[in-house]
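Asks: Sequence:
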Amino acid sequence: MRIPGETPHIVTDFVDAVATDDGIRGLPAIQLVALRKTFGAGEHRVTAVDGVDLTIGQGEFFSLLGPSGSGKTTVLRMIAGFESPTGGAILLDGADVTSAPAYDRDVNTVFQDYALFPHMSVLHNVEYGLRVKRVGRAERRRRAGEMLEKVRLAEFGHRKPHQLSGGQRQRVALARALVNHPKVLLLDEPLGALDLKLREEMQVELKAIQRDVGITFVFVTHDQGEALSMSNRIAVFNHGRVEQVGTPREIYDHPATSFVAGFVGTSNIIHADLAARLLGVAEMHSVRPERIRLLPEGATADGADVVADGTVTDV
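According to this note's numbering, the sequence shown is numbered sequentially starting from 1.
Because the hints were derived from the structure by calculation, they are not lab data.
Any given hint might turn out to be false.
Below, simulated EDC-like cross-link-like pairs (lysine to aspartate or glutamate); rule was C-alpha separation at most 20 Å, straight line [said to hold, decoys possible]:
(1) K183 to E250
(2) K183 to D106
(3) K207 to D273
(4) K150 to E205
In this text, all values refer to a predicted model and were calculated from it rather than measured experimentally.
Given only the sequences and the hints, what does the whole structure look like? Please build it.
Replies: Okay, here's the thing in structure tokens:
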């Protein structure tokens, strides 16, 4: 609807970023120091990860968020030992594992396709890592049974993967990854293959499981909703670099760059020339839609930081 002649005030809240405690106590679970990864050579060289520095605390649910091609999955694969860095260092619990093979890192990975063994029962799938480590049969059964209890699949141990729903298969993959009690669990877009309703349900379950087991989770996703709803902290990636690290609230309320403001949630970007007229400072600003109020002409704006005249052209 077009409303000619209306000239309401546009009221916005502009807030300054504040320093916050990152919550890390003691020795970090993961430290990435100037981490780099390039592919190809010469004029065909591509830099996938460009000098990433990250510190992830013990017991954190930490998300690597970014669009396709931003470098987040390559970082995860380097932490796991599936890719070798071109430069930089990876520390797990303070130990340098940059050159260590994947099997020598106390890290497990859950993939989007779950990678369950179709010929094995659920119980045998969960036991598999313990069997590789030559854990005794009775101990294997006990630990696998306990883990199936944690993921609410205790009654499904005899079934094969094809007899389970997508959400159940994902929980089996989680149980198999957690039964060895790794220091860190890496999750490579594990919810991507699920439908929307099941994905939302699994977000709640995944966070509950992480709280229960107390293990550091590093979660790769391009879905901002997943990252905002589950994470203690988030690193936002773009073109192989980290644009910002912070809590979901910090990332949403105080985006450090225009990319973060546009990628995480919906935002109105106030460019420097307009900000100079509104605020007297030539800086770019981001305003979330929920921070804008329309007032009738002549109304006063109580407590608003910025008031400007505008015209409603469409509704």
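Asks: For every hint, state whether the structure bears it out.
Replies: So, going through the hints one by one against the coordinates:
Restraint check for K183 and E250: the C-alpha separation of about 27 Å exceeds 20 Å, so the hint is violated. Proposed proximity of K183 and D106 is supported: the alpha carbons are some 6 Å apart, at most 20 Å. The suggested pairing of K207 with D273 is violated, with an alpha-carbon distance near 43 Å, which exceeds 20 Å. Between K150 and E205, the direct Cα distance comes to roughly 10 Å. Compliance with the 20 Å bound is thereby established for this hinted pair.
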